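Given the coordinates of chain X, assemble chain G onto it according to the supplied hints.
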Amino acid sequence: MGDMNLIGTSVKRKEDYRFLTGGGTYTDDVQLDRQTYAYFVRSPHAHATVKRIDKDKALKAPGVIAVFTGEDLATAKVAGLPCGWLITDVNGQPMKEPAHPPLAQGKVRYVGDHVAVVIADSYLQAKDGGELVEVDYDVLPAVVNVGEARKKGAPGLHEIAPDNTCYVWALGDKAAVDKAFASAHHVTQLDFVNNRLIPNAVEPRAALASYNRAEDSYTLYVASQNPHVERLLMTAFVLGLPEHKVRVIAPDVGGGFGSKIYLYAEDVVVTWASRQINRPVKWTAERSESFLSDAHGRDHLTHAELALDQDGKFVAMRVQTTAAMGAYLSTFASCIPTILYATLLAGQYTTPLIYCEVTAVFTNTAPVDAYRGAGRPEATYVVERLVETAAREMKLDPAEIRRRNFIREFPYQTPVALLYDTGNYEATLGEAMKLADVAGFPARKQEAAARGKLRGLGYAAYIEACGIAPSNVAGSLGARAGLFEAGEVRVHPTGKVTVFTGSHSHGQGHETTFAQVVASRLGIALDDVDIVHGDTGRVLFGMGTYGSRSIAVGGTAIVKAVDKVIAKGKKIAAHLMEAAEADVEFADGVFKVAGTDKEIPFAQVALTAYVPHNYPLGKLEPGLNENAFYDPTNFTFPAGTYVCEVEVDPDTGRTEIVSFTAVDDFGKIINPMIVAGQVHGGLTQGIGQALLEGCRYDKDSGQLVTGSMLDYCMPRADDVPSFKLDTKETPCTHNPLGVKGCGEAGAIGAPAAVMNALTDALGVRDLEMPATPERVWRALQQTKMRKAA
Amino acid sequence: MSLKVSMTVNGKPVTADVEPRTLLVDFIRAQLRLTGTHVGCDTAQCGACTIHMNGSAVKSCNMLVLQAQGADIVTIEGIASVDGKLHPMQEAFRDHHGLQCGFCTPGMVMSAIDLAQRHSSLTEATIRAELDGNICRCTGYHNIVKAVQAGAQAMRS
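Order-wise, the sequence lines are chains X and G.
Per the numbering used here, the first sequence starts with residue 1, numbered consecutively.
Per the numbering used here, the second sequence starts with residue 1001, numbered consecutively.
If you are wondering where the hints come from, they were derived from the structure by calculation, not from laboratory data.
Result set (PhoX-like, lysine-lysine): computed pairs, CA atoms no more than 20 Å apart in a straight line:
| id | chain 1 | residue 1 | chain 2 | residue 2 |
| --- | --- | --- | --- | --- |
| 1 | G | Lys1146 | X | Lys724 |
| 2 | X | Lys12 | G | Lys1146 |
| 3 | X | Lys12 | X | Lys668 |
| 4 | X | Lys395 | X | Lys313 |
Every value quoted in this text rests on a predicted model; they were computed, and no experiment measured them.
Chain X with its partners taken away, still in its complex shape (with noise of 0.2 Å):
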């Protein structure tokens, strides 16, 4: 019998036993025979000509086998790197596309392009061999700073996009928008940097690519969230493989946060010299190429107001950002700063006209892309920092000013595209002020001023919208694909069970959390039950994960698939009971037939159902294994309320999170231990680009100062508090799982929180993040002057 309990238990999760003991799988513990090495040759400029490449002397260097660059790759016909995201910008015309080589062809566009590959028998020797590659660059003047990248006079880097602006999108009714504004009662204004951040999975990115002759096919091991994705578009677009001789494996993960969705060039070289030299190729990144050549996230610059009638009720909200792509279009970077981010700017609010007005721009740097919460961080500091600014000017509590806002009647269709469905904002906010204990605040500040420290409250009630997506909406937007999720239910003859899902676990803990659906809803133990995933050559197909869709989109498809082996047991049932179909009910993993006591377990109709001597031949198909496709008909939106506290030492300017609490509305729950981790994780990656991370390249060389784990602050054990969460429920109303996805939340919700409090502390009305010890002690010294003078 199974545990009909698992729904909401935090079971213990089935992938730790290999974790803790040494067992995992990652990409670079997979070793083949005569694996070789690959090193790639990095630009050292921001911007530059290559003028030639001279491989002579590396390809003499011991264990060298070959040296591939950007010629031979054109001469193999390899296309560029694709994106998967057509933006059409406020003219009707489509987004400014330059071509992604992943060798360069002729120019490099930011520290870390790829310029050459060396293959050796060994890393290290692979690595010699980069050192005698010989490279002429004539040097160009290079603009890495989102805010100067359409500036007179600044350097091109596409010929195509000669201002370097890939496009000007926009959003809402402009018009209306002005309207209001002009009438205002009360208009804030606040201008945003949103810190560019470097994702830092611990495990760096890997790939190692084998070529079978005698198959003529390939099989790349690669650390990514989403396999088939990978498989598609490097054989579809990139390589013109026939898509059924390529498997991608992506077995175990070391977190992703975004940065392990896209194709990047690594894995397309090794993959294609893995046949042009007949061994297998296995790269692995170093840490300083994984902060100079994965994708970043964020990087905006904004102008944000909000209008305001007397009763501090919003009348109006208008938006200018202008968002970094980085030197090339990663595989979803247009639509971050566009669809995934003006669309949230309503928050929980029924604001009733918004206007966005997005300008995407090319500078020398990385690729910014999808990186934890991608755009609804953005959206949500932009919203809740307005909201709380225009709570201080107005004299109003600002938990006050958020209720007089709150969307209360459900479903409600915001002005940004969006329809939400459910939600309750106010038990999440109320929840949230008792637990942080908000109402002792003025003491706790005052206990703080008594030591000579400075306090600081602040709030951020933040929306997001999640499991990505409706493919109509997501295509009529400019996806070039659907964005739905597969999965199958293979019941094997014991009854037992093995699934296959096209979401794919780097962290997330899907083999317990999907089992624990499946089990229940079978009535089966959850042992009996082991979830595949990253594997195309397992999983019939996959989008994968990111915007925390695994349990909505991910999981319904296996609902679906469930709900299908169940339906073709009932009809085994009754063939084997002697019953009418309809009279057979299922429930606790047993199938009975309706007031009788006549009744069969679930793995006696599995037997059935492959090794029949009495089963309905006429009628039904033996086996019992079952696909389905989930297509969601709405986004999913989970919403909370943060509170931060601060205290602020105002002699080192060193900031201390004193109390974070989190209350979150995720729909159901399938395991609150679960869900709890991805918020803490979450959290601490929004108190990271809130504190202590920021990426800094060099204004004038284009290098990346912030290029190693030693300069680029990463939030350690001491720099977080223990964290203080509860959650609220409305079940997400359009699937069967009533869920709505929880592993952005902290990220989107943290910044805000935390720069709302650190300003209050201060007194000041705006910082910018991270918001360092030296930020934080000069913006006091200026209040100090200001009140001297």
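For chain G alone, coordinates are given in the frame of chain X:
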């Protein structure tokens, strides 16, 4: 040029020919094929490569294999019992959901065992300070701290 190196790894004697510039972690991973020890940053920041050498936690990405000549090395593969039963610290990580993607986990567990051995009692502040050399991008440390506290207690009892 290759040199001979000998050491004990997870209780078994090991002798091998190595290139002098081989890092200890690469020797463990590529030559001994003990792939539980990971490389995350190459600069001794992330701690994914943490192992025990002569009873203390060290970062194996920042040592040459020749520096381990004659040493007693224990990797994550040598922590659970031979019959597969988890060490109390491993058990605590599982019980408290102190891991997600699992990549930092072996190093985290090796550091946690070491710090539990060095401190007779562990406050949250001590654990957080001591874990400074191990970076986790998934868990936000919340559950790791709980796991270390519980694991340390279980090791003492």
